[in-house]
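Residue numbers (our numbering), protein chains in the order written: chain A, 1 to 331; chain B, 332 to 662.
Rather than coming from a laboratory, the hints here were simulated on the basis of the structure.
Footprint (simulated), chain A over chain B, 3 or more residues, beta carbon under 8 Å:
| hint | region |
| --- | --- |
| 1 | 430 to 438 |
| 2 | 581 to 592 |
Calculated from the model, a selection of chain A residues having no Cβ within reach of chain B, i.e. all distances over 10 Å:
| hint | residue |
| --- | --- |
| 3 | 37 |
| 4 | 125 |
| 5 | 156 |
| 6 | 305 |
Glycine is no exception: its CB is placed at the ideal position from the N, C-alpha and C atoms.
2 protein chains.
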Amino acid sequence: MRRPTLDAVATRAGVSKSTVSRVVNGEPTVAADLRDLVMRAVNELGYVPNPAARSLVTRRTDSIAVIVSDPSTGLVSDDPMFSTVVRAASREFEAAGKQVVLMLAGSDDARLRARQFVAARHVDAVMLVSMHGADPLPAALVATGVPLVSHGRPASRVPMPWVDNDNVGGTAQAIRHLLEGGRRRIATICGPLDMSAAQDRLGAYREVLSETGRRSIVAIGDFTRASGTEAMEQLLEDDPALDAVFAANDLMAIGALRALRRAGRRVPDDVAVVGYDDIEAALYTDPPLSTVRSPMGEQAAASARLLLGLLRGEPAEPVVLPTRLVVRESS
Amino acid sequence: MRRPTLDAVATRAGVSKSTVSRVVNGEPTVAADLRDLVMRAVNELGYVPNPAARSLVTRRTDSIAVIVSDPSTGLVSDDPMFSTVVRAASREFEAAGKQVVLMLAGSDDARLRARQFVAARHVDAVMLVSMHGADPLPAALVATGVPLVSHGRPASRVPMPWVDNDNVGGTAQAIRHLLEGGRRRIATICGPLDMSAAQDRLGAYREVLSETGRRSIVAIGDFTRASGTEAMEQLLEDDPALDAVFAANDLMAIGALRALRRAGRRVPDDVAVVGYDDIEAALYTDPPLSTVRSPMGEQAAASARLLLGLLRGEPAEPVVLPTRLVVRESS
DNA sequence: GACATCTCAGGGAGCGCTCCCGCAAACTCT
DNA sequence: AGAGTTTGCGGGAGCGCTCCCTGAGATGTC
Chain A
1 MRRPTLDAVA TRAGVSKSTV SRVVNGEPTV AADLRDLVMR AVNELGYVPN
51 PAARSLVTRR TDSIAVIVSD PSTGLVSDDP MFSTVVRAAS REFEAAGKQV
101 VLMLAGSDDA RLRARQFVAA RHVDAVMLVS MHGADPLPAA LVATGVPLVS
151 HGRPASRVPM PWVDNDNVGG TAQAIRHLLE GGRRRIATIC GPLDMSAAQD
201 RLGAYREVLS ETGRRSIVAI GDFTRASGTE AMEQLLEDDP ALDAVFAAND
251 LMAIGALRAL RRAGRRVPDD VAVVGYDDIE AALYTDPPLS TVRSPMGEQA
301 AASARLLLGL LRGEPAEPVV LPTRLVVRES S
Chain B
332 MRRPTLDAVA TRAGVSKSTV SRVVNGEPTV AADLRDLVMR AVNELGYVPN
382 PAARSLVTRR TDSIAVIVSD PSTGLVSDDP MFSTVVRAAS REFEAAGKQV
432 VLMLAGSDDA RLRARQFVAA RHVDAVMLVS MHGADPLPAA LVATGVPLVS
482 HGRPASRVPM PWVDNDNVGG TAQAIRHLLE GGRRRIATIC GPLDMSAAQD
532 RLGAYREVLS ETGRRSIVAI GDFTRASGTE AMEQLLEDDP ALDAVFAAND
582 LMAIGALRAL RRAGRRVPDD VAVVGYDDIE AALYTDPPLS TVRSPMGEQA
632 AASARLLLGL LRGEPAEPVV LPTRLVVRES S
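When you get a sec, could you build the whole thing from the sequences and use the hints?
Written out as structure tokens, the structure reads:
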């Protein structure tokens, strides 16, 4: 038993396919009585348009790919960024009547699939999330001619609009705050350097310190809790006299807190800690974490809106959202 | 300028559309030399099949909806379950060549959209995540006749296979552990009671306590950190002499730790705390959290595999995955 | 060698929809 | 009142693919 088609509805309502199509698509040029007739037939038959047939002729799919770089190695992690960004973007897209196709660009294989998928015009547009600089996917997608937007400034120079938060300004606020608090040996745990957010935050840290004639103390993490712990241990070994640490995200700050606790350092008395992002967990650490609030959900929503605008033919310029320091008890 | 079609490839290769179709779909009944000829034309033209045209005739879409209940009220939260489950399921589906369409079933409007979307056969199958008992969506989806699976046993009686973890066994282990540690007044912070996981965990808590002749001390949360803090404050007020608390998930346990800290109770000396799930954050609390390890990612992957099996026509039975207590320093 | 069987390529219908075109009826205007 | 314009509906081509059917040539059988 097959689902009812436009033709079936037309026959039942005693009108033509064209009229049913017009009614279903909400065109105003249909007489009210005919419209009612058609709607009754639609409801009686439980008619739902076939999206494949529709998009075959319209060349639209009304769906948007959200492509997230996802490390294929290791376990799935509970990255709060993923949840916040994907949800916020999804809400925005769904409100605009667009379907969200989620793709994880972890392996080379997955990236190839994503490329093919977009090339096949399975989606009308693509939103890229947390791409690494070395990733060839963004450039490959630009070549398909599909509208694109990046959540976060792309690390490599690819021509596409993006939305980011003020990484430089936010970091500068954090470091100045530590300096004003009398901290003299301020270390940082930075993120993976092939990502623009990590680069920008590290750059701003260095910039502010060099302005005041202080030297940088850097350990490299990868934005995970575990890497924060490791990096902190490394820092304590490198410079046991450090009195503050700026972690490039909260997850690493949480990891650093653990390392400090195990090393017997008191926070903030011995070492001040400041994170970045202000995820919900930052409120629940002991002591509660000072951090730079980045509007992650807003950034994702703004990226989504930018892309929707692009789809309507509006121009798109990069957007930088403001950040602000939230001082709690860890600094 | 339009994308190349099957016809274009056929003309270029000097064969028929049918042959190109066979080659593209990997059918073995094509002579090797013809196959090479076709593949060369495909590559030269950059041909990618049009998925809409294909699914119009095959009545398959090769995509699967993952529908997650998402509270429309309030901010987007950084629920680690969302990240873990969605990623694990996506990986499984993508490995099987299926696209994942993510839908958030927050508002009634979104639920209606999801229903229509599935009714339109925009997807071949549906995976439901963390549905509430009162939600009419699961039953509505069953009515569409699309293959379904639920991540977590559905709270209401709807006929669909599901994968869950051993909520009862896991909770029982946790409570017995607290009893064996000499705890006498064991409270619980349970989840929203319209969810089966919350029901099962609360039921097992009550069961074990009543076996030993002890009374229940219950506060209700909603699986968020904030609700854990509130519930813990309530519990301390109701029974200041309590010496242990079992939180129905780690997020609420983390919230409870905060309330205990603010109330000046030492963990585990004054109050032992045990959570549920063993999310990564449980390792980073102070003290590290004892918890019941539920294989969340595995559960999601198993749900996905069950659904893929269903799609291949295999039968599907509910699955319950084992859990195990992980004792750390909070108990 | 005659006939049946098998293999593999091509022809073409048809999936369900949109949208252009044409036509008839209803207006408007001088 | 007649010609021109507008409005609303139906007819039908065509989107790009799959898959059934047909038939030519290769292979097998006695």
